[in-house]
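Novice: Which chain is which? The protein sequence lines are X and Y, in order. Each position in the first sequence, counted from 1, maps to that position plus 52 in our numbering. Each position in the second sequence, counted from 1, maps to that position plus 125 in our numbering.
It is worth saying that the hints were derived from the structure and are not from the lab. All values reported here derive from a predicted model rather than from experimental measurement. Possibly wrong hints are sitting among the right ones.
[To be verified] Just the calculated beta-carbon pair ranges, DEER-fashion: (1) X/L113 / Y/P172: 26 to 36 Å; (2) X/L79 / Y/D727: 40 to 50 Å; (3) X/S131 / Y/D669: 49 to 59 Å; (4) Y/A562 / X/E61: 53 to 63 Å; (5) X/A207 / Y/E733: 30 to 40 Å; (6) Y/R188 / X/L79: 53 to 63 Å; (7) Y/P172 / X/V63: 37 to 47 Å.
[As the list claims (entries may be wrong)] Capping the alpha-carbon separation at 20 Å, the derived lysine to aspartate or glutamate pairs in EDC-like fashion look like this: (8) Y/K157 / X/E182; (9) X/K206 / Y/E739; (10) Y/K485 / X/E133; (11) Y/K157 / X/E133; (12) Y/K793 / X/E182.
Glycine residues also receive a C-beta, built at the ideal position from the N, C-alpha and C atoms.
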Amino acid sequence: MITLTVNGERVTRHVEPRRHLIDFLRLDLGLTGSHAGCEHGVCGACTVRVDGEIVRGCLVLAASLDGAEVVTIEGLSDSGEVADLQANFVARNAAQCGFCTPGMIMTAADILAHAKEAGGGTPSRAEIREHLSGNYCRCTGYQAIVDAVEDTLKARAEHA
Amino acid sequence: MNEITPASIGLSREDLPNSYIGRSVPRPNAPKLVQGRATYTDDVVLPRMVHAAFLRSPHAHARIGAIDTSAAEAVPGVIRVFTGADLAKVCDPWVATLDHLKGMKSAPQHPLPLTRATWQGEPIVAVVAETRAAAEDGVAALRIEFEPLPAQTDMETALAPGAVVIHPELGDNLVFTRTAETGDVAGAFAAAHKVVEAGFVTGRHTGVTLEPRSIIADYNRADGTLTVHHSTQAPHMMQGVFAKHLRMEEGDVRVICKDVGGSFGIKVHVYPDEVAVAAMARILGRPVKFIADRFEAFASDIHARDHRIKARLAVDTEGKVLAFDVDDLTGIGPYSVYPRTSAIEGNQVVNLCGGPYDFKNYRCTTTVVLQNKAPTCQYRAVGHPIATAVTEGLMDLAAEALGMDPIEIRRRNLIRDDAYPYTSPPGMRFEGLSHHASLEKLLEMVPVAKIRADQEEARKRGVYRGLGFAAFIELTNPSPFMYGIGGARISAQDGCTVRMDPDGSIVASSGVTEQGQGTEAILAQIVAHGVGVPVSRVKIITGDTQTTPYGGGTWACRGAGIGGEAALQSAIALKQQILEVAGAMLQAAPESLDISMGHVTDKATGAERMTLHELGRIVYFRGDTLPKDLQRELVQTRHFITKEYPFAFTNGIQASWVEVDPMTGMVKLLEHWCVEDCGRVVNPMLVDEQVRGGIVQGIGGALYEHCVYDSEGNLLTTTLADYLVPMSAEMPEMHVGHVETPTRESLLGAKGAGEAGTAGAPGAIMNAINDALRPLNARVHEQPFTPERILRALGAIA
Ligand code: FES
Ligand code: FES
Numbered sequence: 053m054i055t056l057t058v059n060g061e062r063v064t065r066h067v068e069p070r071r072h073l074i075d076f077l078r079l080d081l082g083l084t085g086s087h088a089g090c091e092h093g094v095c096g097a098c099t100v101r102v103d104g105e106i107v108r109g110c111l112v113l114a115a116s117l118d119g120a121e122v123v124t125i126e127g128l129s130d131s132g133e134v135a136d137l138q139a140n141f142v143a144r145n146a147a148q149c150g151f152c153t154p155g156m157i158m159t160a161a162d163i164l165a166h167a168k169e170a171g172g173g174t175p176s177r178a179e180i181r182e183h184l185s186g187n188y189c190r191c192t193g194y195q196a197i198v199d200a201v202e203d204t205l206k207a208r209a210e211h212a
Numbered sequence: 126m127n128e129i130t131p132a133s134i135g136l137s138r139e140d141l142p143n144s145y146i147g148r149s150v151p152r153p154n155a156p157k158l159v160q161g162r163a164t165y166t167d168d169v170v171l172p173r174m175v176h177a178a179f180l181r182s183p184h185a186h187a188r189i190g191a192i193d194t195s196a197a198e199a200v201p202g203v204i205r206v207f208t209g210a211d212l213a214k215v216c217d218p219w220v221a222t223l224d225h226l227k228g229m230k231s232a233p234q235h236p237l238p239l240t241r242a243t244w245q246g247e248p249i250v251a252v253v254a255e256t257r258a259a260a261e262d263g264v265a266a267l268r269i270e271f272e273p274l275p276a277q278t279d280m281e282t283a284l285a286p287g288a289v290v291i292h293p294e295l296g297d298n299l300v301f302t303r304t305a306e307t308g309d310v311a312g313a314f315a316a317a318h319k320v321v322e323a324g325f326v327t328g329r330h331t332g333v334t335l336e337p338r339s340i341i342a343d344y345n346r347a348d349g350t351l352t353v354h355h356s357t358q359a360p361h362m363m364q365g366v367f368a369k370h371l372r373m374e375e376g377d378v379r380v381i382c383k384d385v386g387g388s389f390g391i392k393v394h395v396y397p398d399e400v401a402v403a404a405m406a407r408i409l410g411r412p413v414k415f416i417a418d419r420f421e422a423f424a425s426d427i428h429a430r431d432h433r434i435k436a437r438l439a440v441d442t443e444g445k446v447l448a449f450d451v452d453d454l455t456g457i458g459p460y461s462v463y464p465r466t467s468a469i470e471g472n473q474v475v476n477l478c479g480g481p482y483d484f485k486n487y488r489c490t491t492t493v494v495l496q497n498k499a500p501t502c503q504y505r506a507v508g509h510p511i512a513t514a515v516t517e518g519l520m521d522l523a524a525e526a527l528g529m530d531p532i533e534i535r536r537r538n539l540i541r542d543d544a545y546p547y548t549s550p551p552g553m554r555f556e557g558l559s560h561h562a563s564l565e566k567l568l569e570m571v572p573v574a575k576i577r578a579d580q581e582e583a584r585k586r587g588v589y590r591g592l593g594f595a596a597f598i599e600l601t602n603p604s605p606f607m608y609g610i611g612g613a614r615i616s617a618q619d620g621c622t623v624r625m626d627p628d629g630s631i632v633a634s635s636g637v638t639e640q641g642q643g644t645e646a647i648l649a650q651i652v653a654h655g656v657g658v659p660v661s662r663v664k665i666i667t668g669d670t671q672t673t674p675y676g677g678g679t680w681a682c683r684g685a686g687i688g689g690e691a692a693l694q695s696a697i698a699l700k701q702q703i704l705e706v707a708g709a710m711l712q713a714a715p716e717s718l719d720i721s722m723g724h725v726t727d728k729a730t731g732a733e734r735m736t737l738h739e740l741g742r743i744v745y746f747r748g749d750t751l752p753k754d755l756q757r758e759l760v761q762t763r764h765f766i767t768k769e770y771p772f773a774f775t776n777g778i779q780a781s782w783v784e785v786d787p788m789t790g791m792v793k794l795l796e797h798w799c800v801e802d803c804g805r806v807v808n809p810m811l812v813d814e815q816v817r818g819g820i821v822q823g824i825g826g827a828l829y830e831h832c833v834y835d836s837e838g839n840l841l842t843t844t845l846a847d848y849l850v851p852m853s854a855e856m857p858e859m860h861v862g863h864v865e866t867p868t869r870e871s872l873l874g875a876k877g878a879g880e881a882g883t884a885g886a887p888g889a890i891m892n893a894i895n896d897a898l899r900p901l902n903a904r905v906h907e908q909p910f911t912p913e914r915i916l917r918a919l920g921a922i923a
């Protein structure tokens with residue numbers, strides 16, 4: 053039995069020891085925004101936030117998360133934290149099939165958060181590519197994604 | 126009504142208020158994707174749903190002996206175990222041949238094999254359980270006696286004496302062979318100033334859709350219907366396949382595909398494990414879900430591009446191409462894949478080699494053989510990247526032999542832009558291509574002089590950079606000549622039904638499907654433009670065989686060209702119908718009226734006469750106030766199929782700028798350009814991203830992706846750690862430019878754009894690498910161009 057906070061709501065569930073976080077979110081909580089693309093930690097489709105840091109949901113066992121705070125794409129969308137980033141993804145067509153997109157947004161949100169911590173200074177396109185390099189996208193060619201992240205960083209830097 | 130022409134409906138005129146064609150409108154379905162609120166097949170949960178897992182063959186070739194299911198059946202949660210014999214009772218096997226591919230043969234294939242496993246990863250036995258985990262536990266508890274048989278893995282020896290004949294009843298491993306020959310090839314080679322030749326290899330690779338293959342089949346015993354939620358590109362085709370092989374009426378099968386997480390041709394085929402799921406649902410009378418995991422995807426999604434080609438090119442002193450002579454060999458695994466067949470890829474190599482160039486003498490043979498590896502079939506840009514790499518590799522060799530600039534040799538040989546209609550040596554008919562305009566456009570974008578200067582300067586520092594070009598043609602908008610004439614029930618025609626609801630909003634349902642390329646967005650643009658409403662007032666329905674007009678779905682780049690034209694025609698018909706009704710209401714001639722941004726207007730003055738909302742209210746709720754005999758169906762359906770040409774060919778040219786490290790053999794992509802001509806561009810932003818995504822898949826095949834087998838037929842690349850895919854940090858910035866030569870087959874004029882990037886990128890990269898290696902006297906022609914292959918070409922390793 054574990055109790056944790058998911059997208060701001062307290063949940064208590066019985067979990068099998070072998071159940072990883074991504075299955076816990078999808079199957080036990082019905083949060084289907086996060087996806088399993090490889091289940092071996094390479095593709096990043098399962099990226100979610102645990103206690104403020106992004107992790108791969110397929111590499112974390114749900115049973116280890118008692119007391120943790122988890123944010124998924126659904127929570128991130130509802131909080132409005134990355135509404136500007138999401139709008140730029142739409143404007144740039146940075147999502148085609150969209151299967152990688154929730155994971156991409158989680159990782160891109162991490163770039164935005166770190167840029168803020170680092171106090172201004174917009175990361176370069178190469179740095180954005182580097183940061184996104186654990187997230188596999190088969191559809192877009194990545195360029196539109198880099199564009200969307202860069203647009204958001206610049207707009208935030210201007211309004212800071 | 127006046128005659129309707131592209132000009133009369135304002136195509137590509139952005140000055141009209143609701144002129145949406147040619148505009149970068151964002152996709153209406155994108156917000157749900159970025160918020161994680163899409164519905165992929167695995168997100169669907171049905172009452173009483175159970176889960177399937179498969180025991181897959183550990184051997185490339187083996188006789189299936191006794192199957193002991195007792196331990197598996199005892200696993201908690203396991204409901205039932207199914208063998209090949211169990212499913213054969215309700216499901217008929219299929220044979221994947223096409224009648225128009227003369228002499229083609231293949232063996233019958235069952236959802237689960239009855240006696241023999243023929244590739245490693247082939248599904249053999251299925252376990253159905255309450256959860257996927259329990260089903261996998263059940264699979265682990267199965268006991269099967271396999272008797273390993275010698276495997277025929279090497280395609281070079283598949284036809285040699287002593288080869289293991291994979292299906293003895295076929296006599297040998299030859300699936301199909303075709304030679305196209307025109308002109309005097311031998312004479313041209315004898316008379317040539319220079320002859321160049323090379324052996325090319327394209328690496329067996331696969332689609333790696335991020336969403337794996339996914340299906341839920343639900344058989345309802347009460348009404349005898351099968352509802353299938355399926356991650357597929359061709360729902361109507363699958364409806365027919367399930368009905369035929371499960372012995373049902375087509376009308377009793379419904380295929381639904383909501384969001385699809387990538388397809389690229391991978392999800393347009395019939396997979397035995399998916400048919401098995403439908404058969405098991407039929408037997409169990411409850412929903413069965415199967416989601417392939419990544420290992421299963423690598424082992425059983427179709428592979429592609431396993432070709433070895435020997436090719437020669439003859440040129441005269443001016444660099445004019447005299448003849449191509451190409452010999453292609455391809456291994457397709459143990460079965461031709463149903464229903465499109467695995468002979469099409471080789472056949473396309475024959476159709477497409479030499480494609481952009483004007484020459485007379487041509488010989489190309491393809492030989493398609495069986496082997497004990499995963500089946501291969503159509504994947505994005507079928508055959509195109511192979512033919513382009515061969516053609517463009519030879520063109521660069523010829524330029525080098527002549528001491529000619531690679532741009533110049535292309536300029537001298539590309540088919541003239543005013544030469545159309547034109548029939549190519551292998552018999553392809555081109556309606557209108559723009560090779561020279563595309564080359565000129567590319568040269569506006571690529572700073573060639575600057576790059577050449579940089580290349581010179583870098584070489585002095587021991588840095589090796591190269592610039593490579595590849596011109597290509599792409600086959601789109603296929604007619605029944607692709608599959609229908611061969612006997613496959615794959616529709617080349619598509620339909621669209623457009624209706625106006627009482628509030629003036631428009632709903633359009635289409636037989637083409639959305640996999641992320643933006644079909645729904647362009648259909649909404651086209652319908653909004655055609656009827657005369659804001660694009661936000663249009664809803665699009667796709668991906669449900671019960672509610673959309675019959676059609677082919679998404680393959681061979683037909684969404685815009687076929688589905689889009691059906692949408693345009695139905696929208697125009699609806700507009701005419703609305704104007705008839707409006708004319709009666711306003712006491713005006715319908716010809717004097719127009720519709721703009723949701724208002725009926727006076728055509729001459731543009732003055733608003735009434736809203737569609739008001740028109741809808743009267744039609745639906747106060748029909749008593751209208752003339753009794755007035756036709757007032759605010760719904761219209763049109764279908765479209767091309768008539769004059771079997772395919773709409775498109776064309777383009779790419780350039781790649783790379784750096785090769787001779788110490789490590791690593792290739793760094795510096796920049797990439799592509800100019801393509803897909804006819805009328807409906808949404809430039811979507812086309813650009815299709816092209817970029819396609820380029821990246823081409824880059825994958827050229828540099829990273831490879832399904833590697835050992836000599837016994839064991840697949841060595843079964844995770845994303847072993848099978849490399851392009852990631853953001855290694856990808857270059859990609860510049861896309863357009864030339865527009867609309868097809869005259871349709872009012873819309875759109876051809877396909879989704880495969881252009883993939884078609885040209887490997888050839889451009891190969892030529893760029895070889896340009897970089899030229900001062901070192903090294904060359905590579907075997908894809909993927911791995912560091913090992915490059916170091917070997919440099920003589921750095923043996
Ligand atoms: S599913 Fe977790 S990284 Fe791929
Ligand atoms: S949009 Fe399809 S995988 Fe990224």
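Novice: Given the hint of 37 to 47 Å, is the C-beta distance from Y/P172 to X/V63 inside that range or not?
Specialist: 23 Å, violated
Novice: Taken at face value, is the distance from the CA of X/E182 to the CA of Y/K793 at most 20 Å?
Specialist: Satisfied, since the Cα-Cα distance of roughly 15 Å is no more than 20 Å.
Novice: In this structure, is the beta-carbon distance linking X/S131 and Y/D669 contained in 49 to 59 Å?
Specialist: 34 Å, violated
Novice: Is it true that X/A207 and Y/E733 lie within 30 to 40 Å of each other by Cβ?
Specialist: Given range 30 to 40 Å: holds, Cβ gap about 38 Å.
Novice: I want to verify a distance hint. Is the separation of the beta carbons of X/L79 and Y/D727 within 40 to 50 Å?
Specialist: Given about 59 Å between the Cβ atoms, the range is violated.
Novice: Does Y/K485 pair with X/E133 here, judged by a C-alpha cut-off of 20 Å?
Specialist: Between Y/K485 and X/E133 the Cα gap is close to 63 Å, so the pair fails against 20 Å, i.e. violated.
Novice: Is the Cα-Cα distance between X/K206 and Y/E739 20 Å or less?
Specialist: Violated, because 46 Å separates the two Cα atoms, which is more than 20 Å.
Novice: For Y/K157 and X/E182, compute the direct alpha-carbon distance and say whether it is at most 20 Å.
Specialist: 26 Å, violated
Novice: Hinted pair, alpha-carbon criterion (20 Å max): Y/K157, X/E133. Please report holds or violated.
Specialist: OK: Y/K157 and X/E133 at ~16 Å, within 20 Å.
Novice: Return holds or violated for the Cβ distance of Y/R188 and X/L79 against the range 53 to 63 Å.
Specialist: With Cβ atoms ~38 Å apart, the hint is violated.
Novice: Is the hinted range of 26 to 36 Å satisfied by the C-beta distance from X/L113 to Y/P172?
Specialist: 29 Å, holds
Novice: Is the distance from the Cβ of Y/A562 to the Cβ of X/E61 consistent with 53 to 63 Å?
Specialist: At 59 Å between Cβs, range holds.
Taken one by one, the earlier hints fail for this structure at numbers 2, 3, 6, 7, 8, 9, 10, listed in ascending order.
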